[in-house]
Amino acid sequence: MTNRTDSPDALEAVGLGRRYRRGWALRDCSFRLPAGRICALVGPNGAGKTTLLSLAAGLLEPSTGTIRLGGQAARSAEARQHTAFLSQEKALYTRFRVSDTLRIGRELNPIWHQETAERVIAAGNVPMDARVGTLSGGQRTRVAFALALGKRPRLLLLDEPMADLDPLVRRQMTDTLMTEAARHGSTVVMSSHLVSELEGACDFLVLINNGTVRLAGDVAELIGAHRTVSAPDAHADRLAKLPGQTTVETRSAGGRTTALIRPRGPLTADVEPVLPSLEELLLAHLRTDDAPPLITPTARAGARREVTV
Amino acid sequence: MSGSLTVNRPSARTSSGLRLRGLTWLVWRQNRLAFWIGIGVAVAVAAYAIVRHQEMTTAIAQGHIDACRGTTVPAGECSHKLNSFTQTYQFPMRRPLQAMLALPLVFGVFLGGPQLAQEFESGTYRTVCTQSVTRLRWFAAKLLVPVVLTVLISGTIAAAMTWWWQPAGSLLGGWFPWWQWYPYDGVGPVVVGLSVLSLLIGVTAGLILRRTVLAMGATVVLSAGAMYLLHSLRGHLLPTTLATVQHTTDSPAPANAWVLAEGAVDAAGRRVPDLPDCYAADDYAKCLVQHGRTGRWAEFHPSSHLWPLQWAETGLCLLLAAALTGLCVWWIRHRAA
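Taken in sequence, the protein lines are chains A and B.
No gaps in the numbering here: position 267 of the first sequence is 267 in our numbering, and each next residue is one more.
No gaps in the numbering here: position 245 of the second sequence is 245 in our numbering, and each next residue is one more.
Okay, chain B solo, but in the shape it has when bound:
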């Protein structure tokens, strides 16, 4: 019988190329359909975005629209050019950018929620955890492999959407504000951050609830809630810029800025409430000055804050994801049976 004895030496076999081994193989094998769909979608989106980006930059160059960058006057030749550019190129990217809001939920619900819940529900975790692996190592693989794939897939899609959005965003400026929920939630690192956070919410819900459908439902609710909270928090993650200008009724914020708050100031620079009564006055500006409103103040994020804000929010997402990982490890060590 000694002839049939096989002693596995993983280290000796890893040299034979890219073959997956051990728990990594198992988790890949379990999720491979989802992974291949995700990779396929990411590649398709990337290819599409490259084509659309190319089309757009060609159109900008050929129509000499570049000269109209930063135009705010809603009339004239530039306005006409930007309008038709918007209709041809910006309209078609609206729905995809809006749909990006759902991407993190997809990772959480379809990859995160069932990841552990299905194992507990069917009892298969007993089969795996009575091989020569500890529960903690099993959990590490069940978490890390989906996290890596989530980062790769959502990262590729986010990069593609950013590539697609970028020429339109920079050309249209305030006409297609960067700080609105689209494009903001559809481009940049925050897509990856939200996806990883949602995945972790799904995994944690699965571990605690141990029922697949329940975990998936809880993931929708909790991830959407977390995204809503982050959405309301996002403007306060970095210090805003404050500007005060006298002798004007216009906002002191630059054209494509995300204005969080603004109002009137008196001659001494103190903030005073706006005067709705003056809207009806013949000379609006004069009415304001007569009532001591000589200038305006504004707190805002200039458009240069887009990526710093995105990275800050991504960092917060990853911090929350790390906290959930800690909760999972504690739960597995002390509670799960």
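Chain A with its partners taken away, still in its complex shape:
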């Protein structure tokens, strides 16, 4: 962590905000994502996920703050060349043939790997001369992935890419994505509101809600920073008054009260703390608004600079 100036972060947001006429979609958002990670961007609908990804893809200009990809401003030519973005609707020209669609990538990018793109297409048995409009949803997603992966991007931004796919195709596409990302050391940011599709695939997490970052960091670090404690409902007041701990959420089910806490010191023996699952962690944070944000040191923007000074 002391000498990383030579390999800048895949993504770094500092004080990043974006305001629309209706109000702030994203506000004072600061975190960093080290290169080579597979990052899940989680949040309910309308939380600001698409805004954050659009800012990273250079489709939007920040109202406040900065966003840098690999040390370059998100809207710079250098950042554009090495970043691929897959929007929610995965919009392609429906009258274009698959081969024409790949040619878009070839014509509009200084660096293009036709073989990578064709391999992705071939893995799904999609005919190259078929018109995009005649393809099934899964095939179309595959073509969109091929267009994104053919760029062999250093950073791949995916906005709910699997939302409209059946579980089998979703599995296939995740495998293709992970294989290609691993092969070329790409960093991936994948937004989703499906907690289950992230478990196992991602090693980094950014959770946003109401336009602000609630959690950011390495998945293991984040889980390690929390404990689930439970007690029978009759003794629920014991959980509420844990000295010196931050309680994220308390809920009661089946006669027991469970709390997700961030321990800050030794816990009393009788509450039996256990590590939460990723799903428990996410759900607890999605259900509450008032837990203080937690940005682990790996994800803290500007932390690197503090260390090297």
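Read the hints as simulated data drawn from the structure, not as lab findings.
Away from chain B, derived, C-beta distances all over 12 Å, residues of chain A:
{"no.": "1", "residue": "G17"}
{"no.": "2", "residue": "G23"}
{"no.": "3", "residue": "P34"}
{"no.": "4", "residue": "M128"}
{"no.": "5", "residue": "Q139"}
{"no.": "6", "residue": "H193"}
{"no.": "7", "residue": "G224"}
{"no.": "8", "residue": "A225"}
{"no.": "9", "residue": "Q245"}
{"no.": "10", "residue": "S252"}
{"no.": "11", "residue": "R262"}
{"no.": "12", "residue": "E279"}
Quick partial rundown of chain A residues pointing at chain B, CB under 7 Å, derived from the structure:
{"no.": "13", "residue": "A57"}
{"no.": "14", "residue": "R80"}
{"no.": "15", "residue": "Q81"}
{"no.": "16", "residue": "S87"}
{"no.": "17", "residue": "E89"}
{"no.": "18", "residue": "A91"}
{"no.": "19", "residue": "E107"}
{"no.": "20", "residue": "L108"}
Idealized CB from N, CA, C, for every residue including glycine.
Chain B: place on chain A using the hints.
Then chain B, alone, in the frame of chain A:
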């Protein structure tokens, strides 16, 4: 894996002939059906006009109608010849010349309106603008390629219609006045000017409204409005010629002139209102003189003003089109998301 690496070097590949590259290719590919239809129509109109022009000049030569050029008397052999010439050759070109009024709208509605609106509506602009091109470069291609094709297609059609109209127009003179909406809107550079302006109105409407059907509808209304305004403005784009003649009741304007205003003058040359009362008098001319109307004045464009007026209007169209381009660039930089 390094074996599959392809680094595109556009400059190195452009030497391989006329293959379209980059954004130019993309915009061509997106619009190629419309472009080929336009090119096909333009070629057909050109071929047809060449044939009709040939027929007409042959008929003029064989019938010795040339000698009747400039005839204004509605009687005699010349009148008969010109009448039959009009029926055979001028009638069939009326509808096509009238239809030319719609040509700019076609470019605006079918090429301009959907050009950006469709991309915003379907979200495909996100796909293109997250390749290694900036939004402004994308917009430049989305605008320039259709503009070039619009100029080529409307220019060819306008030249063909001018070629078709020209023998009839020059022979018939005042019988087929050049300044009426047809042929005026169907010939010459103004066709290109109006087409480019209408295209830009369509593109701008698409950029701001971001809905294809809405943009197409707005283009019809706005382009028609702009054409109407230009139509009313057109006579004032160049200074008119003023003529005052004494001792006559006829207009001092030459035969095939576009008269914008005329009236009576008194002996001192001052403009005085016409006297409708004299229409009923036995001797109209004498009645006018008795009431001090000794001559006539007229403000007009002689027929030699046709092309200067057309170029002036074309210039105005291109100026407005450039202003709309500026608006689009500003919008993309500051508003569009």
